[in-house]
Amino acid sequence: MTTLGLLGVPSSAAAHWPGQERAPAALRSAGLVELLRATGRDIADHGDRPVRRWAASPAGTLDARPNNLDAVLDVLGDTRDAVAGILAAGELPFVVGGECTLTIAVISAFAAAGQDVGLMYVDGGQDLMTPADHPYEPIADGMGVAHLLDIPGTAPALSGFGPRRPLLTADHVCFFGYADDEEDVHGRVPSWRFPVAAVAPDPPAAARLALSAVTSVADRFVVHLDVDVVNFLDLPAADVPQYRGLTLDQVVRAVSVMTQHPGFAGLVLTEFNPDHGEPDGSTARRLAEAVATVLARHETLGP
1 MTTLGLLGVP
11 SSAAAHWPGQ
21 ERAPAALRSA
31 GLVELLRATG
41 RDIADHGDRP
51 VRRWAASPAG
61 TLDARPNNLD
71 AVLDVLGDTR
81 DAVAGILAAG
91 ELPFVVGGEC
101 TLTIAVISAF
111 AAAGQDVGLM
121 YVDGGQDLMT
131 PADHPYEPIA
141 DGMGVAHLLD
151 IPGTAPALSG
161 FGPRRPLLTA
171 DHVCFFGYAD
181 DEEDVHGRVP
191 SWRFPVAAVA
201 PDPPAAARLA
211 LSAVTSVADR
221 FVVHLDVDVV
231 NFLDLPAADV
241 PQYRGLTLDQ
251 VVRAVSVMTQ
261 HPGFAGLVLT
271 EFNPDHGEPD
281 GSTARRLAEA
291 VATVLARHET
301 LGP
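Each step along the sequence shown adds one to the number in our numbering, with nothing skipped, and position 231 is 231.
If you're looking for bench data, these hints aren't it; they were derived computationally from the structure.
Treat the numbers as computed from the prediction; the structure is a model and nothing was measured.
Glycine residues also receive a C-beta, built at the ideal position from the N, C-alpha and C atoms.
Mixed in with the good hints there might be a few duds.
As the list claims (entries may be wrong) - Simulated restraints on C-beta separations:
| hint | residue 1 | residue 2 | range |
| --- | --- | --- | --- |
| 1 | PRO190 | GLY160 | 19 to 29 Å |
| 2 | ARG37 | ASP74 | 24 to 34 Å |
| 3 | ALA38 | PRO262 | 29 to 39 Å |
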């Protein structure tokens with residue numbers, strides 16, 4: 001089995017407010033590393049990067065620039081360099097964030113290494129907002145895929161982050177499990193889409209269909225897993241609560257299919273805010289157990 005290169009990125013620089021910078025430490029305290037090793041996985045623990053906490057740093061409401069952009073770019077640059085080292089070591093990156101924007105850094109590291117990957121975007125939304133369309137909510141956390149695709153209205157410094165522009169094309173992205181309203185309001189993103197209603201009846205089957213779509217254009221793929229894909233009432237973990245999502249069990253069953261595929265190239269876990277969970281750490285423990293299950297090797301998966 002390929003070694004997992006575990007990297008914590010304790011940042012809320014791109015977020016709506018503080019909290020996500022505490023996620024890697026909370027998951028470590030909940031036993032994440034031990035749970036992963038108990039599954040038989042080889043883990044290379046690359047530690048946590050420096051903590052970057054949210055700050056209000058507006059550049060003006062009409063200049064198409066996300067809040068705190070310089071700090072966001074610093075975090076992404078540092079993350080990309082760390083992931084590059086993981087790839088150079090022949091490991092599968094497992095990045096524990098932190099915000100959704102971290103996936104930009106991970107995809108950039110793959111591109112810089114000459115590795116073409118697709119993206120399974122398991123998320124309660126699609127993160128296709130742009131600063132131009134949302135000047136009064138200039139939060140990069142909800143704009144990650146828009147910048148990966150370099151769609152009109154994005155911030156040039158963020159959409160140009162990487163060795164090529166765009167970092168991905170729409171056919172390399174599959175949106176999976178989202179419950180929010182359609183975000184492609186201009187019809188610019190002809191990606192595969194599996195909303196929550198299409199996933200919930202049979203999560204493994206939906207995952208297999210999504211995989212067939214992504215692997216038709218890319219042999220390998222990264223899984224982006226935002227905990228807001230889970231109904232907040234089932235697991236109160238997300239930074240921004242979402243109440244129409246999948247259950248944690250449904251997410252585990254679907255994502256387990258993805259991680260067992262031979263094209264699986266890495267996982268980015270985002271949007272856990274420990275402040276929203278139980279104060280005794282039980283929410284973080286449930287999430288850590290779910291992640292360990294997703295990354296474990298199984299002989300078979302149930303229907």
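Hint check results:
Checked against the hint of 19 to 29 Å, the C-beta distance between PRO190 and GLY160 comes to roughly 22 Å, which is consistent with it. The hinted window of 24 to 34 Å between ARG37 and ASP74 holds, with their beta carbons roughly 32 Å apart. Here the CB-CB span from ALA38 to PRO262 is close to 24 Å, at odds with the stated 29 to 39 Å.
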